[in-house]
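**Q** Work the whole structure out from these sequences, hints included.
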Amino acid sequence: MYFLPRATVEFVRGAWMKAMLAVIMILPLAIGFSLLYKSSPLLDSNVFFNVLFSSEWVPMQGKFGLWPFIWSSVIISLLGLVLMIPLCLASAIFITQFSPPWISRALRTVIDILAGIPSVIFGLWGIITIIPFVSDWAKAAGAENTSGYSILAAGLVVSVSVMPFVLNMLIELFESVSHELKEAALSLGASQWQTIKDVVLKKVRPGITAAFTLGVSKAFGETIAVLMVAGNVVQVPRGLFDAGYPLPALLANNYGEMMSIPAYESALMFSAFILLLIVIIFNYLAHRVIRYYQDKA
Amino acid sequence: MKSKKHTEEKIMKAVLGFLTLVIVIILFSIIGGIFINGLPALNWEILTQVPKGGYYFGKEGGILNAIVGSAYLAMGASLIAVLISIPTALFIHTYLFSHPGWQKQIRLCLDVLWGVPPIVYGAFGFNLMLLMGWPTSLLAAMITVALLISPVMIRSMDESLQHVSSGLYESALSLGFFKGEIGYRFLFKQILPGVATAFLLALGKGIGDTASVLFTAGYTDYIPESLTEPAATLPLAVFFQLSSPIPEVKARAFAAAVVLTTIVLIISIAARVISNRLSKNRIL
Chain E
0 MYFLPRATVE FVRGAWMKAM LAVIMILPLA IGFSLLYKSS PLLDSNVFFN VLFSSEWVPM
60 QGKFGLWPFI WSSVIISLLG LVLMIPLCLA SAIFITQFSP PWISRALRTV IDILAGIPSV
120 IFGLWGIITI IPFVSDWAKA AGAENTSGYS ILAAGLVVSV SVMPFVLNML IELFESVSHE
180 LKEAALSLGA SQWQTIKDVV LKKVRPGITA AFTLGVSKAF GETIAVLMVA GNVVQVPRGL
240 FDAGYPLPAL LANNYGEMMS IPAYESALMF SAFILLLIVI IFNYLAHRVI RYYQDKA
Chain C
0 MKSKKHTEEK IMKAVLGFLT LVIVIILFSI IGGIFINGLP ALNWEILTQV PKGGYYFGKE
60 GGILNAIVGS AYLAMGASLI AVLISIPTAL FIHTYLFSHP GWQKQIRLCL DVLWGVPPIV
120 YGAFGFNLML LMGWPTSLLA AMITVALLIS PVMIRSMDES LQHVSSGLYE SALSLGFFKG
180 EIGYRFLFKQ ILPGVATAFL LALGKGIGDT ASVLFTAGYT DYIPESLTEP AATLPLAVFF
240 QLSSPIPEVK ARAFAAAVVL TTIVLIISIA ARVISNRLSK NRIL
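Chains as they are written, first to last, in numbering that gives the first Met the number 0: chain E, 0 to 296; chain C, 0 to 283.
Please keep in mind that the hints were generated in silico from the structure rather than gathered at the bench.
With a Cα cut of at most 30 Å, we get these calculated DSBU-like pairs of lysine-lysine:
| no. | chain 1 | residue 1 | chain 2 | residue 2 |
| --- | --- | --- | --- | --- |
| 1 | C | LYS4 | E | LYS181 |
| 2 | C | LYS178 | E | LYS17 |
| 3 | E | LYS181 | E | LYS201 |
| 4 | C | LYS103 | E | LYS202 |
**A** Quick look at the structure:
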């Protein structure tokens, strides 16, 4: 069957496997170092914390304060989280505990389809559906910015675009609770809702926290959908109806101009590095929590 | 006391059901909204022509360049990702079979990579491209997207491999097979449905991703003829045309969105059907 000795073939196969594994394992380090290397000119001439916490963004004068962008991203992700929590928890509980099998199957299909929808489509949906709503609210609330392109719209869109990702994790989590545990509670006279509230939810609480942590970090990195509805004005947003300018949008909007001003490129690469750092920390913590409880279970 | 318990149950059930319904409504409003706005602008000309002179001022032409560019990009990226993913996933389950500690570390690394935002991959791809001295090109974009989708692909193959009984590996090993042989000749066959699903999901992700190729793919009105030429992609076509002030061009952004949504829907439904159909016959 083989023209070469088996051991030789095996050696090549093993080497290829190891090489590919090495590519994947080195990738996070490679991303981190390349971004840090590119941003080093900026960090040489500026103090690290000045770049992070200054709100002066005037590339022409070499002022690169990332604070408005970081703050916008934080607010948008947190808003997304707040909007996402009730919907995700409710439907994960409904799908795994209450609904009859055929409804549950149909709902899973819905979630899978939502999970596959590209970011740009969520953004487009935001423009045609969410923006008019938000604009009306802003008018009713007497806000300065009534265009609808705002932090609130971005939070709404990001909560929808991250939802399927979190929901899938939550559903898996709720399904991992053993039937014996639920049956024991039910046989003691607890109603189904009491069982869920006092037994199931308590059992999976750390997992829920981890799932939402991952959701927030995903929301933090969401680019195109947020960029399309956030308004993109460089300012520290003061209210929900103010326009914001999240970190990923900064990168996506300015990649074309960044070659013209030398320090500009390193500022953008630095913002990518910050993004990477935040997301990796969030992910690492969340996965540690998940692992810990998986090992215990 | 008893009645209170039951009222609470009924109320909660209604509330949870209602909130779940909201998600279904959101899905329909997304798909409905895209199709209602896009279908009127969609016609044969848009699907089969590249942009002509004055296209961006509302004159003739179509988005064939973006459709073909996206197809090339997604196919190429998925193939590169397969070359990375299959060996890695099999390695975890053969050579590292008796090293659970290593397996755990690798999985943690993959999960963290999965969470890295596409735009960061885009910036990295851009740096890589400059380092190699490439122009903005199809190849640079393919490599960027391949790196983006590999962790997802490896993890989903890894999940299917975890369901294969360890007895298969152990008995093949005791019969004198090499570890790599066991991987490619036995384990791989067992997870074939999983591989097909992972490939399709990665393909969908590759077609839909905008942020990672923003830096590397460039944009062109022509269909790329080689790997070193820039390429247009569908999400970028939606994104760029939407920012135009001319209504005809804006309408075409929605038409492009309809094409994109349809492709992605077909892929994700196909992935589901394949995984349901093939996993029925699995023994182990």
